[in-house]
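Enquirer: Let the hints inform the model, and build the full structure from the sequences given.
When the letters of the sequence shown are read in order and numbered with mature numbering (1 follows the signal peptide of the UniProt record, and there is no 0), they come out as residues -27 to -1, 1 to 311.
In case anyone wonders, no lab produced these hints; they're calculated from the structure. Just so you know, even glycine gets a beta-carbon here, dropped at the ideal spot from N, CA and C. Certain hints may be false.
Distance condition first, Cα-Cα at most 27 Å in a straight line; then the derived BS3-like pairs of lysine-lysine [claimed, not checked]:
(1) 93 with 61
(2) 278 with 256
(3) 301 with 217
(4) 278 with 70
Label-pair ranges, simulated between beta-carbon atoms [as the list claims (entries may be wrong)]:
(5) 234 with 147: 40 to 50 Å
(6) 150 with 212: 17 to 27 Å
(7) 50 with 290: 36 to 46 Å
(8) 201 with 259: 18 to 28 Å
(9) 269 with 115: 27 to 37 Å
(10) 24 with 296: 17 to 27 Å
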Amino acid sequence: MIKHKWRSVLLASIAAALMLSGCAGSAAKGNGGEMASPASAPASADNGKLQKIRYSPLSGISGLAVRFGAEKGFFKEEGLDVEFITTKNAVEGLTSKDVDIADVPTTTAIIAAGKGAPIKIVSSMFRTKGPFYLIGAPGINSVEDLKGKKVGAGTFGSGLDVYTQTILQKHGLSKNDVAYVANGAQEAAYASLLTGQVDATIIHEPFASLVEISGQGTLLAKGWDYLPNFHTGVLASRNDFIEKQPELIEKLLRAYFKSQEYAKIHFDEYRAYFLQNVKVDEKAVDSAFKREDVLWENDPNVDAKSLLETQQIQVDLGFQDKVYDVDKIVDLRFIPKK
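Expert: Structure, rendered in structure tokens:
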């Protein structure tokens, strides 16, 4: 009974923390019930020359560094009044013109643009390799131990699913050798492991570190060891916005990478900000950042070969019908010049 109570408290605190980080700075509803941060307030007399841009960053902790950068004033330094938009579907936000530029999973952007959505990839995100981990419950010490067990793959057809199937295949298993289930992401996936609904799950940090620190499970595999060239994150913009406001895209990308680079270089300062917004065990946070330092590349370039390899993997798994022409869906004219 005590054990179950502890689990409930832990999961509730984690869920609240991630909700907090995903909504940090939220204030007023925008179009379609989306939430905008205080940074979205109209330009005052003091910043009347700022240009408005609506940007949808990653939700949760992955989008925290750009919000940190906004508080540091990096977007204002570029002459931008940035409105942070939270949306469940970045492509819909772009095509409905509620969003000007957004963080988007690479495969989502490729397929949408390839099928005719009026958007283009304009930059890589701060990391492009999958920060995904396969973690197992106590008693599961290797991927091979999962034969006949229940394995959580996040959402079917997503990048999490790609990595789960690939990890299994590299260890001589397929999804047919396990009980393969869609168990959600983040805190939902973690809860499914702790409560015994699955014997292993694909997941993000800080959950991989939390399961190790708490002794509630074992890290079985790091995703990027298995798919080092599978591209996972880009920034995309609408075609009409690219045509009419190209200078705003360049300014936003400059502020975006300035935020990421500052957070990485001034880690102690960013760590304090992170812990103010995400109430998770400090040891897990330190472990997560140390483990993913190699992924935090801050390179805006989009490698065409990686996009082709990524698409071919999608096609092989049946997640994509064909490989789309990269030249037609990527526009890198606006990436910051070093």
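Enquirer: All the hints need checking, so say for each whether the structure fits it.
Expert: Against the structure, the hints come out as follows:
no.: 1; hint: 93 with 61; result: holds (19 Å)
no.: 2; hint: 278 with 256; result: violated (37 Å)
no.: 3; hint: 301 with 217; result: holds (19 Å)
no.: 4; hint: 278 with 70; result: violated (30 Å)
no.: 5; hint: 234 with 147: 40 to 50 Å; result: holds (41 Å)
no.: 6; hint: 150 with 212: 17 to 27 Å; result: violated (44 Å)
no.: 7; hint: 50 with 290: 36 to 46 Å; result: holds (43 Å)
no.: 8; hint: 201 with 259: 18 to 28 Å; result: holds (25 Å)
no.: 9; hint: 269 with 115: 27 to 37 Å; result: holds (28 Å)
no.: 10; hint: 24 with 296: 17 to 27 Å; result: violated (37 Å)
The structure is inconsistent with the numbered hints 2, 4, 6, 10, although it conforms to all the rest.
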